[in-house]
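Modelling step: build the complete structure from the supplied sequences, incorporating the hints.
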Amino acid sequence: MLHGGFQVKVDEKGRVKLPSLFRKEFTERFGDGAFYVTSVRGDCAHIYPARAWEEVLTRLSAQAASKPPVAKFRRVTSYFGQVVPMDPQGRLVIPPKLRDAAQIADDVIILGQNNHLEVWNLERFQQTLVADPITAEDEDYLATLGI
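In this text, residue positions in the sequence shown follow our numbering: the first is 1, and each later residue adds one.
Just to be clear, a hint being listed does not mean it is correct.
To be verified - Below 30 Å or equal to it, Euclidean Cα-Cα: the simulated BS3-like pairs (lysine-lysine) are:
hint, residue 1, residue 2
1, 97, 67
2, 97, 17
3, 9, 97
4, 13, 97
5, 24, 97
6, 97, 72
7, 9, 24
8, 13, 24
Calculated directly from the structure, the hints in this document are not laboratory data.
Written out as structure tokens, the structure reads:
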């Protein structure tokens, strides 16, 4: 299960080095191979191992493509998305279009999200934490889940 967060730097070529803990988890759960890098809103990058992304597509294909949420999701994840190999040093290139939209440069935070990673501009992520904190209502809902 991918969880936790690591602060890393984006290099001059737009590459992020995946923390070794995440690389190990990816390999154990999904094997070696390419990754699909995309976004849903353009505010951060989502890094999926190819097998995990195929599972998402399989679930989507079971839905009517004409349903607006399905069509929007396919459209935006295709717009931002690109298959990206990992180099021998464990680095992935964030596609330029997504890098620009999400302001992914310099310091970023990589967050584990079960079957994928999120890469956020560190400053933008910190602002999001302040602007959208966990509320008492959120805590009540989580309590119904036993959390």
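Exercise for the section: Any hints from earlier that this structure breaks? Give me their numbers in increasing order, please. Expected result: Going through the list in order, the structure violates no hint and respects every one.
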